[in-house]
Structure formats: C-alpha cells, structure tokens
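K.L.:
Listed below, chain by chain, are the residues.
6 protein chains.
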Amino acid sequence: MGKGIGHHQIGDSFEGFVLIKDATKGTASNGKPFLTLVLRDATGEIEAKLWDVTGEDEALFVQEQIIRITGEINQFRGKPQMRINSIRLAQATDGIQVADLLEKAPVEREELMTRLTEIIFEMQNPTIQRIVRAIIKKYQEPLSLYPAATRNHHEYVSGLAHHIVSMLKIARELCDLYPQVNKDLLYAGIILHDIGKLKELSGVVSTTYTLQGKLLGHIPMMVEEIGHIARELEVDGEEVLILQHLVLSHHGKAEWGSPTPPLVREAELLHLIDLIDAKMNMLNRALEKVKPGEFTERLYAMDNRSFYKPTFE
Amino acid sequence: MGKGIGHHQIGDSFEGFVLIKDATKGTASNGKPFLTLVLRDATGEIEAKLWDVTGEDEALFVQEQIIRITGEINQFRGKPQMRINSIRLAQATDGIQVADLLEKAPVEREELMTRLTEIIFEMQNPTIQRIVRAIIKKYQEPLSLYPAATRNHHEYVSGLAHHIVSMLKIARELCDLYPQVNKDLLYAGIILHDIGKLKELSGVVSTTYTLQGKLLGHIPMMVEEIGHIARELEVDGEEVLILQHLVLSHHGKAEWGSPTPPLVREAELLHLIDLIDAKMNMLNRALEKVKPGEFTERLYAMDNRSFYKPTFE
Amino acid sequence: MGKGIGHHQIGDSFEGFVLIKDATKGTASNGKPFLTLVLRDATGEIEAKLWDVTGEDEALFVQEQIIRITGEINQFRGKPQMRINSIRLAQATDGIQVADLLEKAPVEREELMTRLTEIIFEMQNPTIQRIVRAIIKKYQEPLSLYPAATRNHHEYVSGLAHHIVSMLKIARELCDLYPQVNKDLLYAGIILHDIGKLKELSGVVSTTYTLQGKLLGHIPMMVEEIGHIARELEVDGEEVLILQHLVLSHHGKAEWGSPTPPLVREAELLHLIDLIDAKMNMLNRALEKVKPGEFTERLYAMDNRSFYKPTFE
Amino acid sequence: MGKGIGHHQIGDSFEGFVLIKDATKGTASNGKPFLTLVLRDATGEIEAKLWDVTGEDEALFVQEQIIRITGEINQFRGKPQMRINSIRLAQATDGIQVADLLEKAPVEREELMTRLTEIIFEMQNPTIQRIVRAIIKKYQEPLSLYPAATRNHHEYVSGLAHHIVSMLKIARELCDLYPQVNKDLLYAGIILHDIGKLKELSGVVSTTYTLQGKLLGHIPMMVEEIGHIARELEVDGEEVLILQHLVLSHHGKAEWGSPTPPLVREAELLHLIDLIDAKMNMLNRALEKVKPGEFTERLYAMDNRSFYKPTFE
Amino acid sequence: MGKGIGHHQIGDSFEGFVLIKDATKGTASNGKPFLTLVLRDATGEIEAKLWDVTGEDEALFVQEQIIRITGEINQFRGKPQMRINSIRLAQATDGIQVADLLEKAPVEREELMTRLTEIIFEMQNPTIQRIVRAIIKKYQEPLSLYPAATRNHHEYVSGLAHHIVSMLKIARELCDLYPQVNKDLLYAGIILHDIGKLKELSGVVSTTYTLQGKLLGHIPMMVEEIGHIARELEVDGEEVLILQHLVLSHHGKAEWGSPTPPLVREAELLHLIDLIDAKMNMLNRALEKVKPGEFTERLYAMDNRSFYKPTFE
Amino acid sequence: MGKGIGHHQIGDSFEGFVLIKDATKGTASNGKPFLTLVLRDATGEIEAKLWDVTGEDEALFVQEQIIRITGEINQFRGKPQMRINSIRLAQATDGIQVADLLEKAPVEREELMTRLTEIIFEMQNPTIQRIVRAIIKKYQEPLSLYPAATRNHHEYVSGLAHHIVSMLKIARELCDLYPQVNKDLLYAGIILHDIGKLKELSGVVSTTYTLQGKLLGHIPMMVEEIGHIARELEVDGEEVLILQHLVLSHHGKAEWGSPTPPLVREAELLHLIDLIDAKMNMLNRALEKVKPGEFTERLYAMDNRSFYKPTFE
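Residue numbers (full-length UniProt numbering), protein chains in the order written: chain A, 1 to 313; chain B, 1 to 313; chain C, 1 to 313; chain D, 1 to 313; chain E, 1 to 313; chain F, 1 to 313.
For the record, the hints were derived by calculation from the structure and aren't laboratory data.
Given the structure is predicted, the values throughout are model-derived calculations rather than measurements.
Take the hints with a grain of salt, since some may be wrong.
Identical copies go unnamed one by one, so any copy, or any two together, can satisfy a pair.
Straight line, CA to CA, 27 Å or less: simulated DSS-like cross-link-like pairs of lysine-lysine [as the list claims (entries may be wrong)]: (1) 183 x 214; (2) 138 x 79; (3) 289 x 214; (4) 32 x 3; (5) 169 x 199; (6) 309 x 137; (7) 137 x 25; (8) 253 x 137; (9) 309 x 199; (10) 253 x 79; (11) 199 x 137; (12) 32 x 289; (13) 309 x 49; (14) 25 x 79; (15) 183 x 289; (16) 253 x 214; (17) 309 x 169; (18) 25 x 289; (19) 291 x 199; (20) 309 x 253; (21) 138 x 3; (22) 169 x 214; (23) 214 x 3; (24) 32 x 104; (25) 169 x 79; (26) 137 x 32; (27) 183 x 291; (28) 291 x 32.
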C-alpha cells in the first residue's frame, strides 16, 4: 500500500486507499460545487478538496466509503491539504477492508483480552470478582474493539483494552511499593472505570457520542450498570458501593466530571494511574512525530502545551 | 410550653423542654469536668454549658434525649450561650415527645402528600406517570417526613415534601406562561429530583449523611434508582433517559455536582425553580427573625450575604 | 412575500425583500471587488456575496437599505451563505417598509403598554408608584419599541416591553406563593430594571451600543436616573434607595455587572425572575428551529450549550 | 500622656487615656459578668478585659467614651490583651479630647485642603473645573476630616484628603513622563474618585458603613452625584460622561466593584495611581512597626502577605 | 518508654519523655501565668497546659528541651489537650536523646543513601551522571537526614531521601512500560527535584523556613545550584538546561510554583510520580490511624478531604 | 521613502521598501502557487499576497530580505491585505538597510545607556552597585538594542533600555514621595528585572524565543545570573538574596510567572512601576493611531479592552 497518509509531507504526491471520514459540499467562487473530504488511514488523516464535482460524485463519495485516490499535498492556512487528481471507489478485487485503514493498538486484541482474564482470575475477593467477571462477559466484544476516546488518547482500535492493560501494569507495581493498597479493589476499579464508554461512544469507525452519552455521560451510566449487575447477581455489601464510588470519582474533581472526589485510597490511586497512562499515551504519540531538537504540535488535552524532544540520549 | 428557645434574647431566663442535639465533655481550668450541650426545640437551638458534672450526668444527658432545664442566656464570643441552672430528663408524665421539639413544615404532611398524588394523577404520558408513581409509592413514608437538607433550606420535618410542592406550584404557572414546556416531564423532574436524599440523609432527628450519601451523593443514587425502577416496570424509551438526565443535571453545573449540565428545556427550568424555592425558603426564614431596618445574619448558602429588611411596606 | 430568509435550507432558492444589516467590500482572488452583505428579514438573517460589483453598486447597497433579491443558498465553512443572482433597491411601489422586515414581539406593543399601565395603577405605595409612573411616562415611546438586548434574548421589536410583562406574570405568582414579598417593590424593580437600555442601545434597527452605554452601562445610568426623578418629584425616603439597589444589583454578582449583590429579598427575586425569562426566551426560540430528536445550535449566552428536543410528548 | 497603646509590648504596664471603640458584656466561668473593651488611642488599639463589673460599670463604659486606665498587657491566644486594674471616665479637668486619641494624617488638614484648592485653580478645561469646584465646595468639611477607608489604608483622620494629595503628586510626575495624558481629566478623576466615601462611611470616630453605603456603595453614589451637579450647573458634554466613567471604573475590574473597566487612558492611570498609593500606605505603616530582619504581620488587603524588612541600607 | 503520645486517647494518663516543640506564656483569668506547650515524640504531638508557672519554669521549659512529664489527656474545643501534673527536664542518666523522640523514615538512612548511590552508578549519560554525583556529594549529610517537608508528607527524619527512593522505584517500572522515556534524565530529575529544600528548610528538629526559603523558594534555588555546579564542573550542553527545566517545572503549574510547566516528557513524568508518592504517603499515614469503617481526619493538602477505610479486604 | 506601511488606508496604493517578516507558500484554487508575505517597516506591518509565483520567486523572497514593492491595499476578512503588483530585491545602490525598516525607541540608544550609567554611578550601597555594574557591563551591547518584548509593549529597537529608563524616572519621584523606600535597591531592581530577556529572546529582527527562553524563562535565568555574578565578584550578604527576590517576584503573582510574590517593599513597587510603564506604552501607541471620538483596536495584553479617545482637551 505504500506510505500512509500520516507520513507524507507538504509537496509530496499521494497514491493509495483511504477511508472517507467526513464529506461536505461547498460552492467555489466560480459557482461550481466541490467536496471537502476528510480522509484517513491507519497512519493519520488529511483534508482534501475535490473540485468541480457532479451529482454522481456527491452520491458516491460519502462517509465511511473506502476510496482509491491520487493527489498532491499542499499547504492551506498553515495546514496540509490534499488536492485530489483522481478518485474512485475501492472494489472487491482491491482486497482492502475498513480494518486495514484504521489505527490499532500496538498489542493484539486477543492478547489484551487474555491479560484481562488472567487478572480477573487472580482476584481473591469473591464479590469483586463476580461483579467484574459478569460485566466483562457482557461487554467482551465491544471492549476488545473500542477506542478509549474519540480523540486525545488511545483513540484507536482496541484502545480501551490497551489503556486498561497498561494501567493494570502500573497498578501491580504500585501495589508492591504500597502494600496497604487493596489490589483486588484497585484492579477492579481500573477494569470497570471506562466501560461506560462502550455506551457513550457510537462505535469504532467515525466514533461520535450517543444520545445517552451526551445526556448522562459514561460515569453515571457505569455507576448504574454496576448497580444493575449487583442486583442480578444478588450480591450486596460494601464492595458494590465502593466499586461504584471508584467509577464515580475517577475523574478526580467535580469540574472534571466526578461529582464526588476520590474518598477511598484505591479511588485516588485509580485517578492518578488513569492520568499517567492517558498523558503518556498522548505524549509518546506526539513526540514520535517530531525529531530531536523540535517541539510537538500543541496538545489540547495537556493544557495546550507543545513539548520539546531533547537532542541527547 | 412557654416561648421557644429561638425566641429568647441575651439576658433572658429560660425554662422548658428541649432536645439534646449534641453533647461533649470538657475540663474547666479548675480541673472539673463540664458538658457542652447543643439544645434545640421547634424554634431554634442554643449552646449550653453544664458545669461540674458527675459521671452520672454524662451518662444521662446524651444525644437525642429530651430534658427539662432552667438557665440564663448570656453572650459568649458574640453568640448566645445558656448557663444551665437545673436539668432533668423528661418523664413520661411530662407528656412531651420528640416530634413536639422539632420544627415542621408550615403545611401538614398529609396535605403535602395528597397534593403530590393529585399531580401524579394528572399526568398524561403513561411512561412518566408509571415511573413516578412507582418511586413515590416505594418512598412514601420517608418522603412525607424527611427534611430537604441538613441545613440551609427546608431543614425541618416534611421539608422535602414541602419543597417539592412549592416547586410544583411555580412550575404550574411557568407552564402557563411558556406553553412549549412539557408539563409532565417538568413535574416528574421536580418530584424525583431530590428523592435520592432519602438515602443520602440518615433520618429526621440529628440528620447526618449516610455512607452511601458521602461516597455517591443523592444525584447518582437517584439516576441509578430510576434505572432500576424502569427495569422492574419493564418500561423503556427516551422518557427514562430524559428523566435520568433531569435528575443528573438539576444542580446546573459540574462544580455544583451535576456532571452533565441541563441539556433539555425542562432540565434547565427544573434547576431554576429549585434555585428559587431554596433561596426564598432561606431568605424568608432569615428575614422573619429580624425587624424592619435590620440586616439578617450572614447566610452561608447565599454567598454569605446579610440581607436588609426595608422599613416601608 | 413568500417564506422568510430564516426558513430556507441549504440548496433552496430565495426571492424576496430583505434589509441590509451590514455591507463590506472585498477583493476576490481575480482582483475584482465584491460585497459581503448581511441580510435580514423578520425570520432570520444570512450572509450573502455579491460578486463583481461596480462603484454604483457599492453606493446603493448600504446598511439599512431595503432590497429585493434572488439567489441560491449554499454552504460556506459550515454555515449557509447566499449567492446573489439579482438585486435591486425596493421601490415605493413595492409597498414594503422597514417594520415589515423586523422581527416583533409575539404580543402587540399596545397590549404590552396597557398591561404595564394597569400594573402601575395597582400599586399601593405612593412613593414607588410616583417614581415608576414618572419614568414610564418619560420613556413611553422607546420602551414600546426597543429590543431587550442586541442579541441573545428578546432581541426583537418591543422585546424589552415583552420581557417586562412576562417577568411581571411570573412575579405575580411568586407573590402568591411567598406572601412576605413586597409586591409593589418587586413590580417596580421589574419595570425599571432595564430601562437604562433605552440609553445604552442605539435604537431598533441595526442596534449597537451608544458611547454612554459603553462607558457607563445601563445599570449605573438607571441608578442615576432614579436619583434624578426622585429629586424632580421631590420624593425622598428609603423607597428611592431600595429601588436604586434593585436596579444596581439585578445582575446578581460583581462579575456580571452588579457591583453590589442583591441584599434585599425583592432584589434577589428580581434577579432570579430576570434569569428565568431571559433563558426561557433564548431556549424556546432555539428549540423552535429544530425537530424532535435534534440538538439546537450552541447558545453562547447559556454557557455555549446545545439543547436536545425529546421525541416524546 | 506617656507612650501610646500601640507602642507597648507584652509584659508592659499601661497608664493613660484611651477611647472605648467597642464594649461587650460577657459572663465568666465563675458566673460573674465582665466587659470586653476595645480601646484605642492615636497609636493603636488593644482588647482589654474588665472583670467583675457592676451594672453601673456597664452603663458608664460604653462606646466612644474617653477613659483613664491602668493595667498590664498579657498575651491571649497569640495576641496582646490588657488586664485592667483601674478605670475611670475622663473628666473635664483632664483636658483630653477625642481628637487627641485619634490617629491623624502626617500632613495638616489645612495644608491638604490648600493643596487641593491650588490644583483645582490650575485646571484649564472650564467644564471639568466647574464640576470639581462645585463638588469640593459641597463636601469641604467632611473631606478635610474623613479617613479613606475603615481599615487597610489611610484609615486615620484626614486620610482621604491625604490619599488624594499623594495621588496628585504621583499624577503630576506621570503627566511629565507621558505628555499625552490629559492632566485636568486625571486630576479631576483623582479628586473625585472616592468622594462617595463621605456618604458611604458613617464618620470619623468608630467608622462604619451607612445603609446607602451598604446597598449602593461609594462608586454608583458618586456617579449619580456627578450627574446631579452637572444638572445643577447646567453643564453638559462629554466631560461629564468621562468623569463619571473615571469614577465608575477606578476599581479596575468588575470583581473589584467597577462594572465597567477603565476604557479611557486617564481612567487606567487613575486606577494604577490609586493602587500604588493605597499599597504604599499600608506597606509603610506595617514596616514601620517591625525591625530590620523581621517580617510584618500579614496584610489582609495585600493578599495576606507578610513583608520582610532587609537589614542593609 | 511506654506507649507514645500519639497512641493516647482522651481520658488516658500519660507518663514519659517528650520534646518541647513550642512554648508560649499566657495569663489565666485568675491573673496567674501559665505555659502552653506543644509536646511531641516519635508517634505524634499534643498541646499541654502547665498552670501557675514560676519565672524559673519559664526559663527551663523552652523549645527543643527534652522533658519528662506526667499528666491527663482531656478534650478542649474538640481537640485533645494534656493537663500536666508533674514535669522535669530529662537528665543525662535518663539516657534519652532527641533522635529517640523524632519520627523516622521506615527505611534506615544508610540503606536509602546506598540505594541512591547505586542508581547514580547505573547512569549512562556522563554529563547527567557528573552533575548528579557532584550535587549528592555536596549535600550528602543533610540529604540523609532532612524531612521532605515541614508537614503534609514525608515530614520525618530522612523523609526526603525516603521520598526520592520511593519515586525511583515507581520510575523504574514506568520506564519499563514506556521504553521511550530517557531513564537517566528521569532518575536525575527525581534525585535533584527537591534538593533545594535542604536550603529552604531550617533543619530536622522544629523545622521552619529559612529567609532564602521564604524569599526565593526551593525551586529557583535549585535551578541556580545546578547552574553553579555545571560551571564548576565545566560541563555544558543541553543536559544542563533540561535538568534545570525538570526542577523548575516539577510542581506542574504556575499556580503551584512552577513558572514554566513541564515541556519535556520526563518533566511531566517527574511531576506525576512526585504527586503519587506524596499523596500515597499522606493517605497511608492517615488511614493507619483509623479503623475499618471510619473516615480519616481532613487532609489539608488533599483538598481537605476525609478518606474512608472500607470494611472488607 | 514616502509614507510608511502603517500609515496607509484601505484603498491606497503603496510603493517603497519593506522587510519580509514571514513568507509562506500556498496553492490557489486555480492550482497555481502563491506566496503570503508579512511585510514590515518602521511604521507597521501588513499581510500581502504575491500570486502566480515561480520557483525563483520562492527562493528570493524569504524572511529578513529587504524588498521594493508596489501594490494596492484591500480588505480581506476585515483586515488590510496588500495585493502586490511589482516586487524586487533591494540593491546596494538603493542605500536602504535593515535598521531603516525597524521601529526604534523615541530616545536615542546612546542617551538611554548614558542615563543608565549615571544612575548606577549615583548608587551608595557598594554591594548593589558592584553587582549592577558588572551585569550591565556584560550585557551592554544587546541591552542597548533589544526590544522589551516580542509584542505588546516596547517591542522596538532599544525598547528594553527605553522601558528601564522610563521606569527609573517614575521610581525617582516615588522615592521622593515615600522616603522610606531604599532607592538603590529599587533602581537596581528596575535595571536588572528584565535583563534575562536578552537570553530569552533571539535578537532584534524577527524576534522569537530561544530554547532557554521557552524552557526556563527570563525570570529564573536572571535569578541564576545574579548568583553567578555574585560568586564571581565574591560578594555575599543579604543584598544578593534581595536582588534575586526582586527579579523573581516582579511579575507579582504565581499565575503571572513569579513563583514567589513580592515580599519586600521595593519588590512590590518594582512590580507596580513595571505595570504602569508597560501599560502606558501600549495605551499611548494604540491611541496615537485613532482620532478623537474613536475607539482603539482591542488590546490583547490589557484584557482585550478597546479604549476611547475623548473629543475634548
């Protein structure tokens, strides 16, 4: 397939398969219609202009279609923009699939799910274990596929599972360093904290927010879900309440979406581990794109900072 | 029973029955133990000192006991404080009960509950009506008795029901003025918005927060409860989601405990009506205690303002 | 006149009379001048491009002119934009007037003014009544015509009077619910609170801020005005001070333009009623434009929220 | 009269005349009444306890009385407190007057007023000059006596006039450095900016806030006053508006009491000069009380900072 | 030595050796002097009253003296307070030393210093290693003894070294998980980040802030120190700048004392690891003092939260 | 050279020499490349479009080149933009130099430096004098040339020296008014406070931030520099610490880049004088560009305010 869209520079030509993420019609100053497409593959995305389009073009080149294009990459208002020279829909014989054009976690989804299952198997508190097992069983399929967010961090296929498994690794070490921590509780909190996103987000391709996601948000939805599962399993006791508290408080502050702040040790730790893994994911991905001696683009979710990559090792 | 504790001035003598709200032991500079009691009746509360107490006194004069006392009201560090001259436990023959010493809503609890029932009966959307009816049925007893808060506003017996019924009156008029408003939805939101407080608060006398109340708060608890009831009733549909949203968003802002702000017209209106009735309750009760031309004490929940009562009518 | 400008969709053609709200000249990439016009009628407004204009065009098509145009509505940078095909000034024989192209309050201005007069007539406190009557008499003409703001809420002909009359309706009901409220004072506060806007805003068409409005603002101007009127009427006494306080404090907080927060019951209530009516006006108008199941555009003055219109009734 | 109250240390005895600033009755743990007096003279103030008081004592030793006392200065909860040994009312023969016990500006009031008059005489813009002259004439007496505030800065007899005259000195130099500044306007702004305090504060001894001061504040009152004077003088024109703007905006920000921020060069400068002179007055007075190498007490109005006095010169 | 001061309850008697942390003289209402002492040993601290003291007592019982006392623990204004029955200075024959009465890190200082040395030995970047080695050599003695803060976290003997070593453990694991991280740089940042506290704090017993500490703070002092050492070692290059940046930015935000926020990956990680270890130290120590089912005291440095200790394991 | 670029209006033609501040390539909708140039001379700057450029054009017309152009000034998206008609590089025979195209301080650099030297000569504290003299000697050349900032205030050649000298004038007067101020300390603080900018900024033409400037900022760099100089001069004592404190705290608040706020009188005064001179510089330059009766453009660094220029004198 050649080099991906994210590895091209201004001035390059591009030829290959991409996914249409978004398509909007406009009218040029000469009165002719054109399409503004947002194109993506596993390496990145770019805005592209298709000039002088026909009604047929409009009908063909729509969101979530795979297309084959050639074009040149120019600069427009300080950002790269592709001028499309040729375009056609992908055909069965091209042998290309949506999954080939999406970015994926650096670890295989099967491996991530196996790791999760092992951790649950290790748990010693039966109440916590039963609740976690029931929820993971219910959400197994989407959990293995969903991103952790629509943008900012772990925004790729299996991103949520990847985020959970990374957090569990950090947790394991912190439990060694601080033996007072309740390992089962912390692990359970990590596994459950963002499961509500499976209801909040619309899916894996062109991810948006669901109506539930907009009106309730993943945190209250997951608190409720734990309550439902506990009722179904007919388990009761402080574990249920504390698990709900961990999920509820994991954003750390009311302003950040947790109406109650962490009030249990493992809740505080869950919040901090979430912060580290999300920030390191953003940071590492941004620094990968620049050379030593350069600054990254501004990272919105990190207070709009631009980070420097030192020249020494 | 004479004038209540809240109607006494510095320099007055007091004689009558009161409830012990709080009792702590201290040691005076002469080395002798004393008790600091917080005493209340339906009209107010006061701190009182009982000097030179015996071990027996300590055992007798404990929280939630009814006692008969005589004493004088002095000033201590700018606040009234009673010096107790005589004290004894209330006896069966005194014919005095806890309920006699608690402040109550200005409307009878039966009347409040009847009003609620009528409103539910009027609802036309069957889904909304079924959910509200089921919840009210489940919580009927505590709802008729609980305060709306531990302090600040409607902090008296049947305070929550009184708050709801006042809000419903305001809502009725606003629905007339703004006919676009969905009346069933707004009424349902008003009735349900604070029902979670019945789990958040410990009871009617010496009200404190429950563990659930501290770790989850009444808002997420009530969102979950609506979910449970909807499952039990096997109702589904947007009404459930929107009702949960109304409860979730009724504090108006993340900083005030609503992780999602109001995003539905009736949610915004619910928030505003809640604000008006809570503030007017605080304000009216504070202004009742002062004369024209005076300022009230500072009202913590109203940005610590002190309000002026004009001299004209 | 056909369907108004606000009822057109992208892709529609438009033909009809509109008012030029704003006109700016630009130069296209082909070196030829063009005009960017903002056009409005009673139903909404739209940006329009008139390409290849002559010097004569520039002189003709200026702010506040009524024109007859035909054109098509396209999308430009995510917003509707009209491409003008033909344009001419309205002529006397077209029988169209500025007032026909401005949005008006849903209640007639005469009716609004009558309602105001009745309320003043009902007042029992003679000082309050005299002051209010004198001010209303002085500002009768503009009060019956001005909008309540340049944008956000009640931004239409007679908007201020409409806002006042709606607030008075809410006030009447709240006075019933909370009989401690001084009705004359609250009514007077509502009637006077925004009269300063008649000096702050430039007029009814193409409303902007006056120099006074920018350097003082309507609140201090109205406090001063009450002082002047009181001197002219030779009335004195606490009523004058309290009325000034109501006007001064009606934005609720220093950050929102009230250097003193409400410190009188009726001042607090005035602030809350103002909030409700302004918000409901914005909200109702925004929701009117969307279908059930959709979200409104973002509402800047409501914390930039986008509101959902439920699908049930 | 010996050393003043502010120059005594813990452990010292005191003998002399003081003014009672505040008197409150309490009851000691032995059941006997006592008086807590706040005593002041020109050098400072101290809390004092008078034990075992009679009803006659209570009647005699009240606010604003001059008394002669002897006592010792102890430490109580980290602060100095006087234990009174003997106390009596001052008598005519003692030849002591209230003015002797109040702190005064370091410059004579006559000199301050002369300086003010000279500055007004220098003004060249007749409108500005007439307004300033009329206001100063009206408020001459209190202006020569009032403090600039109840505490924090220039809180002494003639403090306001002292503050104005110091600000005028700074202004003169800044006008030399920045010749674009309109000197008449800046001088007028400085002279008028705090005249509203003469209505906001109750007087020179035991200064408190008036009802007007609490409900309107000195800024809106002074804006109104300028409007009244302009009407009386029948002057009109932009000068009146700009002077009102200078007064209105001189606190610099909405949060600090100026609903409109400075939008004219001289308004910005007025705000900055006010800041400098107020801060330097606080700072100099606090540093005077400590030795080189020490820190001052915390200064509430300077973000609660405690300042260091270096050991070198 | 019996049970320490921190393990006593209200009502207990105490007998043993303690250190005087603070001593202030007061005068009782009977006119007699008394001493308020703050007493501490390795387990905690308590306020104590010594009544009717002589001048000799005052001279003997001063800050940093070791004394032997007997007394009873009462409650005063909601806090424990000891009433001293007998008191004498410790004597040589008592065999008690200051170090016995101070809390220490749970790991021996020698072990902590050995661990530090090993880590420095492992570093591969020679510039970083030379700088770190030089600084550690210079500050070896105080580094092995100082607390990490005067209160909140690691406020015990060798607290700073303990904090550093714990952070290094976390860092090692995170470097495994995120191999892009520059391990030498992160380790060096951790070791150096708080060395400035050795100049900011006065010592190990009765720790206060030095003048330098108050006027500059440990962060700018350490940035300067790295500059000095680099000059002395005659090393240059980006490593010096980046190490200074890590120290400068480690509080994460301007409001928290870092004028520049982290702009290098390892700087961000250093900030997060510091946060985790400081918070876990506070939290673990607070939870140790309560039983399952209870809440801790409010933790000021953790947003004044009170944490819950669950009842299950 | 004719009228400068900053004195042209929309519709004017321009002919003259300018400096290229920035050049970016784009592709027009017709597929041809164009250059967007930012052009400046001593009077201002403008964006310009050069259409249909060749590869040679791209290579010639780059940053910091002097060019001679003719063109017309149009409006584009509300801002002036030049359409270039002819363009060529300046030649030796044109006799034009970079310095001719940069804005300069209104006072000659030699005069500014002389003034600085005189002030240092007047100092009486030998330690302060030696430190200041050594630093000024070291940085003499850039200090005489650098701007005080990249934009907002004193952003012209010799801007920093101009800012310092203006501040010294204000300081002299304030020292007369408040004789308690340590004049040497205040003068030294003013001279040194922004010297760190000589390392923070890249130079005089096309000024940007250096890596050091981004990662440390001028304040910590200057604190360190004072430490180095003091070591080199082998001076010690409180003066060094206090000078470092003055530099460190001169932004006034942590949020504004001073991790320690001013805690010494002269530090507070330095901060206030800096504020005045920076604001007056911005304000005077903005007001110069508008006529009486107009408002300035919005000033970002002054809370985005737009200032009014009164019509009277």
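K.L.:
Give a verdict on every hint.
P.N.:
Outcome of the hint check:
1. 183 x 214: Between copies only: 23 Å across, 33 Å inside.
2. 138 x 79: Neither: 43 Å inside a chain and 43 Å across chains, both beyond 27 Å.
3. 289 x 214: between (32 Å within a copy, 20 Å between copies)
4. 32 x 3: between (33 Å within a copy, 26 Å between copies)
5. 169 x 199: For residue 169 and residue 199, the Cα distance is within 27 Å only inside one copy (26 Å; across copies 37 Å).
6. 309 x 137: The answer is neither: 42 Å in one copy and 30 Å across copies each exceed 27 Å.
7. 137 x 25: neither (43 Å within a copy, 55 Å between copies)
8. 253 x 137: neither (30 Å within a copy, 35 Å between copies)
9. 309 x 199: between (37 Å within a copy, 20 Å between copies)
10. 253 x 79: neither (35 Å within a copy, 30 Å between copies)
11. 199 x 137: Classified as within; 15 Å inside a copy, 31 Å across copies.
12. 32 x 289: The answer is neither: 37 Å in one copy and 29 Å across copies each exceed 27 Å.
13. 309 x 49: So residue 309 and residue 49 fail the 27 Å test inside a copy (33 Å) and across (34 Å) alike.
14. 25 x 79: Result: close both inside a copy and across copies, 20 Å intra and 11 Å inter.
15. 183 x 289: between (36 Å within a copy, 20 Å between copies)
16. 253 x 214: Answer is both; intra-copy 19 Å and inter-copy 15 Å each pass.
17. 309 x 169: Both, since 26 Å and 24 Å are each at most 27 Å.
18. 25 x 289: between (31 Å within a copy, 22 Å between copies)
19. 291 x 199: So residue 291 and residue 199 pass the 27 Å test across copies only (24 Å; inside, 38 Å).
20. 309 x 253: Result: close only across copies, 20 Å inter versus 31 Å intra.
21. 138 x 3: The answer is neither: 39 Å in one copy and 52 Å across copies each exceed 27 Å.
22. 169 x 214: neither (31 Å within a copy, 30 Å between copies)
23. 214 x 3: neither (37 Å within a copy, 34 Å between copies)
24. 32 x 104: Neither, since 39 Å and 38 Å both go past 27 Å.
25. 169 x 79: neither (38 Å within a copy, 42 Å between copies)
26. 137 x 32: neither (53 Å within a copy, 58 Å between copies)
27. 183 x 291: between (40 Å within a copy, 19 Å between copies)
28. 291 x 32: neither (41 Å within a copy, 31 Å between copies)
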